[in-house]
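Line by line, the protein sequences are chains A and B. Basically our numbering = 1-based index in the first sequence + 1. Basically our numbering = 1-based index in the second sequence + 229.
Worth flagging that the hints you see were computed from the coordinates, not collected in a lab. Every residue, glycine too, gets a C-beta built ideally from N, C-alpha and C. Keep in mind that the hints are not guaranteed to be accurate.
Stated by the list, open to error - From the derived model, a few chain A residues whose C-beta atoms are all more than 10 Å from chain B:
#: 1; residue: S21
#: 2; residue: H27
#: 3; residue: P62
#: 4; residue: A88
#: 5; residue: L91
#: 6; residue: N102
Claimed, not checked - Here are the in silico distance ranges between beta carbons for each label pair:
#: 7; chain 1: A; residue 1: E45; chain 2: B; residue 2: N251; range: 19 to 25 Å
#: 8; chain 1: B; residue 1: A282; chain 2: A; residue 2: L115; range: 45 to 51 Å
#: 9; chain 1: B; residue 1: P269; chain 2: A; residue 2: P9; range: 14 to 20 Å
#: 10; chain 1: B; residue 1: G238; chain 2: A; residue 2: E45; range: 15 to 21 Å
#: 11; chain 1: B; residue 1: E271; chain 2: A; residue 2: T17; range: 29 to 35 Å
#: 12; chain 1: A; residue 1: A98; chain 2: B; residue 2: N251; range: 27 to 33 Å
#: 13; chain 1: A; residue 1: G15; chain 2: B; residue 2: T249; range: 44 to 50 Å
#: 14; chain 1: B; residue 1: T257; chain 2: A; residue 2: T81; range: 29 to 35 Å
#: 15; chain 1: B; residue 1: P269; chain 2: A; residue 2: L28; range: 38 to 44 Å
Okay, here's what each chain looks like letter by letter:
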Amino acid sequence: ETGVTQTPRHLVMGMTNKKSLKCEQHLGHNAMYWYKQSAKKPLELMFVYNFKEQTENNSVPSRFSPECPNSSHLFLHLHTLQPEDSALYLCASCLLAGGNNEQFFGPGTRLTVL
Amino acid sequence: GDSVTQMEGPVTLSEEAFLTINCTYTATGYPSLFWYVQYPGEGLQLLLKATKADDKGSNKGFEATYRKETTSFHLEKGSVQVSDSAVYFCALTGGSNQGGKLIFGQGTELSVKP
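Just chain B, same shape as in the assembly:
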């Protein structure tokens, strides 16, 4: 079945460092890909998305490019802030699954130190 694999956390960075969180997926067909963020004590919020190959999703300085050839959707940010500390989830929908079900990765916790 479809699946998503993220790099293990926690990831600890200093403010203004470059961030990469790796995400790879396995899916048949043409899934849509998402990054969700969960700030402490809150639910999940959509950070960015891409619905077809080579699309780049971007929001709040974060970017991710849908790479079909490497089945990846890595999250990047050039300069992180303390306020970016959160758990980041990569997810996909579509592919072989119906009914809009989201398949999530296990989440990567990011901690940014001043």
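For reference, chain A alone in the conformation it holds in the complex:
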């Protein structure tokens, strides 16, 4: 148990559906991240939130919409996705202090877009 939880663990959705992924951290961290992990590809950083403010958006399509209502919760809202968006979506959190910046990962949501 890493202190970072993600729900749901598995999600199957059609291209016209709207769904949300949830991430929660119980570690008192002040930064949260969304990553996408596709088969045979490196981990892709999608969004970064520091102190609830989005500080990075790595050219992610607008069909992915993040929300960070507080420093413990992070959402990824999904709408009109494409089959190529099928992947493992990982959330991570970190306490930004000094140079260590160790990230703790959740178990991921396995997303399948039909």
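Got chain A; can you put chain B on it based on the hints?
Chain B in isolation, oriented as in the chain A frame:
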């Protein structure tokens, strides 16, 4: 910008063999270095870390030494087990990037046969 390069996988070993997974990095300043492991169907877990030159990180029989002169952080284990089968990611943070962003290598898949 900062980057991490890992040896290509998959790596297939017999049980009790010696393991080396090479990792080199490019970064300005003084990054922290990490090895993460991802077991099948799970998220990433921190395996070990080193925050300054000549530090040795170790955990579960795995070791890696932060070598600034060769910009390397190779992962080693003297005797692998079937349960070590996983994907291993080398990563760095700090250096020239701010906000605790982790820069990952592409991952190396390890398969250990009985």
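Status of each hint after checking the structure:
1. S21: The assertion about S21(A) holds, with a minimum of 19 Å to chain B.
2. H27: Given a closest Cβ separation of 15 Å, the condition holds.
3. P62: Holds, because the least Cβ-Cβ distance between P62(A) and chain B comes to about 20 Å, which exceeds 10 Å.
4. A88: holds, 13 Å
5. L91: violated, 5 Å
6. N102: violated, 4 Å
7. E45(A) <-> N251(B): 19 to 25 Å: holds, 23 Å
8. A282(B) <-> L115(A): 45 to 51 Å: Once the Cβ atoms are compared, 50 Å apart, the range 45 to 51 Å for L115(A) and A282(B) holds.
9. P269(B) <-> P9(A): 14 to 20 Å: Distance hint for P269(B), P9(A) holds at roughly 19 Å.
10. G238(B) <-> E45(A): 15 to 21 Å: At roughly 18 Å between Cβ atoms, E45(A) and G238(B) fall inside 15 to 21 Å, so the hint holds.
11. E271(B) <-> T17(A): 29 to 35 Å: holds, 31 Å
12. A98(A) <-> N251(B): 27 to 33 Å: holds, 31 Å
13. G15(A) <-> T249(B): 44 to 50 Å: With a Cβ separation near 45 Å, G15(A) and T249(B) satisfy 44 to 50 Å, so the hint holds.
14. T257(B) <-> T81(A): 29 to 35 Å: violated, 40 Å
15. P269(B) <-> L28(A): 38 to 44 Å: violated, 25 Å
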